[in-house]
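S.K.: Each chain, written out:
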Amino acid sequence: MATSIEFQEVVQGNWTILKAIGRIDTTNAAVAEKTLLATLDKSKNLALDMSQLEYTSSAGLRALLRTGKKAKKNKKQFVFCSVSGMVKEILEDSGTNLLFQIYDSAAELQ
Amino acid sequence: MQENFSGWKKFPATEDAYENIRDFIIDAAKNFNVQKENLLRLELGIEEIVINIIHYAYKDGGDIFVKVYDDEPQNIFYFELADYGTPFNPLDKIDPRSIDKSEIQDRKLGGFGIAFVKKTFVNLSYAYEDFQGQKANLLTLGFIK
Numbered sequence: 001m002a003t004s005i006e007f008q009e010v011v012q013g014n015w016t017i018l019k020a021i022g023r024i025d026t027t028n029a030a031v032a033e034k035t036l037l038a039t040l041d042k043s044k045n046l047a048l049d050m051s052q053l054e055y056t057s058s059a060g061l062r063a064l065l066r067t068g069k070k071a072k073k074n075k076k077q078f079v080f081c082s083v084s085g086m087v088k089e090i091l092e093d094s095g096t097n098l099l100f101q102i103y104d105s106a107a108e109l110q
Numbered sequence: 111m112q113e114n115f116s117g118w119k120k121f122p123a124t125e126d127a128y129e130n131i132r133d134f135i136i137d138a139a140k141n142f143n144v145q146k147e148n149l150l151r152l153e154l155g156i157e158e159i160v161i162n163i164i165h166y167a168y169k170d171g172g173d174i175f176v177k178v179y180d181d182e183p184q185n186i187f188y189f190e191l192a193d194y195g196t197p198f199n200p201l202d203k204i205d206p207r208s209i210d211k212s213e214i215q216d217r218k219l220g221g222f223g224i225a226f227v228k229k230t231f232v233n234l235s236y237a238y239e240d241f242q243g244q245k246a247n248l249l250t251l252g253f254i255k
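Line by line, the protein sequences are chains V and Z. Heads up: the first sequence begins at 1 in the working numbering, then just goes up one per residue. Heads up: the second sequence begins at 111 in the working numbering, then just goes up one per residue.
Don't take every hint at face value.
Listed next, the in silico DSSO-like pairs over lysine-lysine satisfying Cα-Cα at most 27 Å (straight line) [as the list claims (entries may be wrong)]:
no.	chain 1	residue 1	chain 2	residue 2
1	V	Lys34	Z	Lys218
2	V	Lys88	Z	Lys255
3	Z	Lys228	V	Lys88
4	Z	Lys218	V	Lys75
5	Z	Lys218	V	Lys42
6	V	Lys76	V	Lys44
7	Z	Lys203	Z	Lys218
8	V	Lys88	Z	Lys140
9	Z	Lys146	V	Lys88
10	V	Lys19	Z	Lys146
11	Z	Lys255	Z	Lys229
Rather than coming from a laboratory, the hints here were simulated on the basis of the structure.
Please construct the entire structure, taking both the sequences and the accompanying hints into account.
M.R.: Written as structure tokens, this is what we have:
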């Protein structure tokens, strides 16, 4: 069972929305992080839509934290949308949910 | 083909072997009737503890040994991990949430894995003792089915 992650990108006003589809674990977290950082670089603000993110481990959390640190440094916003299921549990268990703004859906972004 | 889940199974302690280790334990969990909705949480615990061993046990490579079984009356699925690496109890690590309340720019990136392990498993034990004629790190992890 190989782990896969894909990202779909949509620009909405001042936001670039990346929809994560699949799973982030130790085998592909580096690829996910590279995509997140590269998208942040070219965006005013970045939102990660997690509605189709089935799984993440601490390797994925580190990618999110590094992206969040870079956003803060560059005075950009990096937020999460549509967080649910196991991913929501992991964000809450690690306290990562307290470090990021979380929206119920991408439609709420302004 | 029905997988044989009896006895110890040996894997190289490498990132390339991680998916085989994970799949072996997950397949066993299904075989021992762990509920489908609990498998992602089990996978998280497996990934965090196995990757910890792969990254830190050996300086020059080595093996991980895995054994699976269940306690049917208690409804618990168990797996055991053994390695001949440096003596190290990962369960002694401090949960970073208890000490790190900093804002994002100062937040440390490590330590969450073991916190997840502690939260995922109901029975956790560590010993450094004889394993097949040599001293080894032995971890036992129990998961409610």
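S.K.: Determine for every hint whether it applies to the structure shown.
M.R.: For each hint, the structure was consulted:
no., hint, verdict
1, V:Lys34 <-> Z:Lys218, "holds, 19 Å"
2, V:Lys88 <-> Z:Lys255, "holds, 21 Å"
3, Z:Lys228 <-> V:Lys88, "holds, 18 Å"
4, Z:Lys218 <-> V:Lys75, "holds, 20 Å"
5, Z:Lys218 <-> V:Lys42, "holds, 26 Å"
6, V:Lys76 <-> V:Lys44, "holds, 6 Å"
7, Z:Lys203 <-> Z:Lys218, "holds, 14 Å"
8, V:Lys88 <-> Z:Lys140, "holds, 24 Å"
9, Z:Lys146 <-> V:Lys88, "holds, 18 Å"
10, V:Lys19 <-> Z:Lys146, "holds, 25 Å"
11, Z:Lys255 <-> Z:Lys229, "holds, 15 Å"
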